[in-house]
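Asker: Residue numbers (our numbering), protein chains in the order written: chain A, 6 to 360; chain B, 907 to 1197; chain C, 55 to 392.
No wet-lab data here; the hints were simulated from the structure.
Model, not experiment: these values are computed from the prediction.
Each hint should be verified, as a subset may be incorrect.
Facing chain B, a subset of chain A residues (Cβ under 8 Å, in silico) [to be verified]:
1. Phe-67
2. Ile-194
3. Tyr-197
4. Ile-198
5. Ile-299
6. Ser-334
7. Val-337
A virtual CB, placed ideally from N, CA and C, is assigned to each residue, including glycine.
In case you want the letters, here they are:
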Amino acid sequence: MAEPSGGVHVTDVTKNSVGAKSEPNELVQPDIAGGSRGDEIIIPVYWNIARTLGKRLVELAFLLFVISTVLFFALRLTGDPAAVLAGETGDAEQLALIRAQYGLDKPIIIQYLIFLGKVAVLDFGTSLANAQDALGLVLERLPTSFTLVIIAFSANLIVAIPLGAWLGGRPDQRLRKGASTMVFIAQGIPGYITGLILIQIFAVELRWLPSIGNQGPLSWLMPAFTLASFQAPQVIRVISANVAEAMREDYIRTARANGAGFQTLLWRHALKNAMLGATALIGTQVAFLLSGSIITEVIFAWPGLGRLLVTSVQTLDFPVVQAAVFMISIFVYTAITLTDIVFLFIDPRLRRQRA
Amino acid sequence: MTVAHSTGSPRRFKLSRLSTGSLQLNVGLVIFTILLLALIGQALFMPASALDGDLPSRLKGPGYQGHVFGTDQLGRDLLFRVLGGLPWSLGIAGLATLILASIGTVLGLIAAWYTNFIRTIVLLFISTVIAFPFLVLALVAVAIIGRGFWPITLTLGLIAWPVVARVIYAEGRGVLTREYVLAARLFGVSKWSILFVHVLPGIRPTILVMGAFLFAVMLILESALSFLGLGAPLNAPSWGNMLSDSRQYLVNAPWMMLVPAGAIVSAVISLNLIGDGVAEISRKRARAVEA
Amino acid sequence: MSIVEEVAPSASPVPETGERVLRVNDLVVEFPRPDRSGFRAVNGVDIELRRGETLGIVGESGSGKTMIALSLLGIVPLPGKIIEGTISLRGRRIDNLPPREIRKVRGNDIGIVFQDPMTGLNPVRTVGSQLMESALRHNNLSRREAEERAFKALDDVGIPAARERLKAYPHELSGGLRQRVMIALALINHPSVIVADEPTTALDATIQAQILDLFRLRLARSTMILITHDLGVAAEICDRIAVMYAGRIVETGTIEDVLSNPRHPYTVGLLAAVPKFDVRRPKLVPIPGQPPTADDVVRGCAFSPRCSFATPECEERPLLEDRGGRPVACWHPRGSGV
Chain A
6 MAEPSGGVHV TDVTKNSVGA KSEPNELVQP DIAGGSRGDE IIIPVYWNIA RTLGKRLVEL
66 AFLLFVISTV LFFALRLTGD PAAVLAGETG DAEQLALIRA QYGLDKPIII QYLIFLGKVA
126 VLDFGTSLAN AQDALGLVLE RLPTSFTLVI IAFSANLIVA IPLGAWLGGR PDQRLRKGAS
186 TMVFIAQGIP GYITGLILIQ IFAVELRWLP SIGNQGPLSW LMPAFTLASF QAPQVIRVIS
246 ANVAEAMRED YIRTARANGA GFQTLLWRHA LKNAMLGATA LIGTQVAFLL SGSIITEVIF
306 AWPGLGRLLV TSVQTLDFPV VQAAVFMISI FVYTAITLTD IVFLFIDPRL RRQRA
Chain B
907 MTVAHSTGSP RRFKLSRLST GSLQLNVGLV IFTILLLALI GQALFMPASA LDGDLPSRLK
967 GPGYQGHVFG TDQLGRDLLF RVLGGLPWSL GIAGLATLIL ASIGTVLGLI AAWYTNFIRT
1027 IVLLFISTVI AFPFLVLALV AVAIIGRGFW PITLTLGLIA WPVVARVIYA EGRGVLTREY
1087 VLAARLFGVS KWSILFVHVL PGIRPTILVM GAFLFAVMLI LESALSFLGL GAPLNAPSWG
1147 NMLSDSRQYL VNAPWMMLVP AGAIVSAVIS LNLIGDGVAE ISRKRARAVE A
Chain C
55 MSIVEEVAPS ASPVPETGER VLRVNDLVVE FPRPDRSGFR AVNGVDIELR RGETLGIVGE
115 SGSGKTMIAL SLLGIVPLPG KIIEGTISLR GRRIDNLPPR EIRKVRGNDI GIVFQDPMTG
175 LNPVRTVGSQ LMESALRHNN LSRREAEERA FKALDDVGIP AARERLKAYP HELSGGLRQR
235 VMIALALINH PSVIVADEPT TALDATIQAQ ILDLFRLRLA RSTMILITHD LGVAAEICDR
295 IAVMYAGRIV ETGTIEDVLS NPRHPYTVGL LAAVPKFDVR RPKLVPIPGQ PPTADDVVRG
355 CAFSPRCSFA TPECEERPLL EDRGGRPVAC WHPRGSGV
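Required output: the full structure, derived from the provided sequences and hints.
Answerer: Here you go:
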């Protein structure tokens, strides 16, 4: 059993504790003729990819449908949307005008269908704050957020995975025990605190780094580190627990019995298994990084999607909220689907199976 | 909790009977108990006036005129504010965890039991919501139902249950294939009593572990919402609000940031320690059973 | 060049005076216990293996057989360790080699086949890459040569379409094929000693027979230690046999001698517990009681608590000595001396 480690990332961590591994072993049929090949049908990888794509698409459509519906009815149950749209200055005449303009005088079911029809073609209307196209506003912010998420994600892959493997290789060593304890403590520090402490040290005390805005690569350091810190401790702990578990497996003993040294065992035999065991972790990391990016963007006044979402929620700018949530959903599902597909190629147990 | 392997040596102190055999769990429980006692204590004994501001003594450092942790930009005592924040953090997170653990367990078990469309729907729901950033969901919910104690509690409780449900589903399916469950089915025991009398006890450690970790996650989320100005009402002594306030005064009054940060970190770490400790004990037990 | 020599099934000459390949002297493997002294999984074992000979080590699970196998390679799992004794391979001590040197022995001079082929191969690497890794490690080969050798190794253990199997992942192979791969892995560097630890235990009955055939037909002339709890398996393959109980060898001799004329009460009990198609003995006789566990303190003969012939004399431990022709560790050997 993998060590169930905690923190923000309970989703995948606990999945490990359940031992919810893929079960391809059970697909193997008994070899009756000893050496005969038997009737085996190899499922091509394309079929698996198609199935993954289909599954994720259904989930995405379902999610978007639920969110639109909830937003639509919630807006109408909690008050008069025309009043919200008109703002505080609206008089009766304006309200009537807005009702006609947005079709709010029609029966609610008709309104709902019209609304769904528009949403289906990504027409969210205009922002209530500045009459700009809501989707346009969101798309404008997307690359900025993208930069941050990509930097943090790559940093995690490049730093956290090898570090986790190193820790998990010999978990009983004193140095590594100390390092593990530090990772555990780091895991208990939420990203917004990390961000504030970074600002306190590097912007306020030392005055080395700019604390707000996107002002070129130097200004990326603190936000990227903050964002990465949301996830890195979890990645390190899961990888190290998985590596520690893998190092106890029989195939490690086999490799050792054939003369493999410790480094070979760790990097060539255990790590790949450990990473494949953390598939779900790495896949949904993007979702959690997006959560983190909202906070990070607010702390560092980063002109990205997350900050736009927070402002829109504060000002009840529903068209923008909806557009932002849609783009985030699509982003997350694209990322997860991509990782799924990458793992289909990396993990031989998923790639080819006997039928 | 008791130790899997008792060494059999006689115990000298009564206090050690409370000990769990896992250092992590012990430390976590001690910190968490202190926080709980503080929560109860402040509810019973702290006068509302303790949270009042005193502008002349604003932005004073720790120790100034009996303000142990110093004061904030309105001259409010930070120690009292941190104590006053306990219901917002521990209270909301605890209630939300109860809600999500109950919903998650029930729906997870239902998905594990049924093999028809009910399972399909529950699983679709689980895998859909699980992949989505919690914070975005929480923000949308806040936009719709507004802020305050109960709205946040319900929001948090209602968005994270699929995490529990998925794990309970996987474990529940495992337990349902065990011989004793099959025997109970053959004897005609009803499905509800099988699920809740025979299956549930088998997955209790999992629920405990997830509960502890999710408690921490909820605490972090609540503070994050407040920090973004979308959680507790602006004047409420929520830890996230305090952090948010501190951003303007990092230069002059870093303690305004460090005090709530310390509170959040110690609460989160104590919960992580508890979760880790329980997981380790149940893992040791499982090994002892296997061996 | 074939890794193993083909031998006709009938031909099974027992080499009486082959060169001594492996010698284990007074081996003790100890695991620390929290309160008391360490638990000795292997407690003073002597083994001699001559070229071309197959030695069976037979005993119940927990008797220390597997620990002997792991000791030979220096991979006793922590916190266990070899605290006494020597192991020599072709006259060279290998139990005290530095890590870098002992790694050259593993998989090169001594090849080992483990019990469970389902978990013994790395699931995310191809069979070929695992074979080639071992070949490349111990030899100065090009990748092409290594691949050729891997193919040869698979072909030699009777894997059909071996060339294609190189690219297969373990989960794509059946249990029987996987165990053949494990055997190929043990043989790929032409080791001087093969250790097979319960090579058939985890397999289905029909597959067991095939793997046994592989050992009997193709590996008959190899220098091998076969570890098993199954006297039937030992009878088919081994030339000599050593019966282990609680970390010690209690009886040893040629397979015919031990099976037809068991001297130690424990061996007698083991044989009585083996199912036979024999009308005169319709009932299986289990050995009463349990072998000592890691927590028990053993005084005197470890088998005496379960032995129906035990006397006060058994409070003192009998040494493994020649008692009427064959080494037996018992004060009251059964059967007749030779």
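Asker: Each hint should be assessed against the structure and marked as holding or not.
Answerer: Evaluation of the provided hints:
At a threshold of 8 Å, the smallest CB-CB gap from Phe-67(A) to chain B is about 5 Å, leaving the interface hint in force. Interface restraint check: Ile-194(A) against chain B, minimum CB-CB distance 5 Å, threshold 8 Å, status holds. Taking 8 Å as the C-beta contact cut-off toward chain B, the hint placing Tyr-197(A) at the interface holds, the least distance being around 5 Å. Hint on Ile-198(A) holds. Least Cβ distance to chain B is approximately 5 Å, under the 8 Å limit.
Restraint check, Ile-299(A) versus chain B: the minimum CB separation of about 6 Å is within 8 Å; hint holds. Hint on Ser-334(A) holds. Least Cβ distance to chain B is approximately 7 Å, under the 8 Å limit. Evaluation of the Val-337(A) hint against chain B yields a held restraint, the C-beta minimum of about 6 Å falling below 8 Å.
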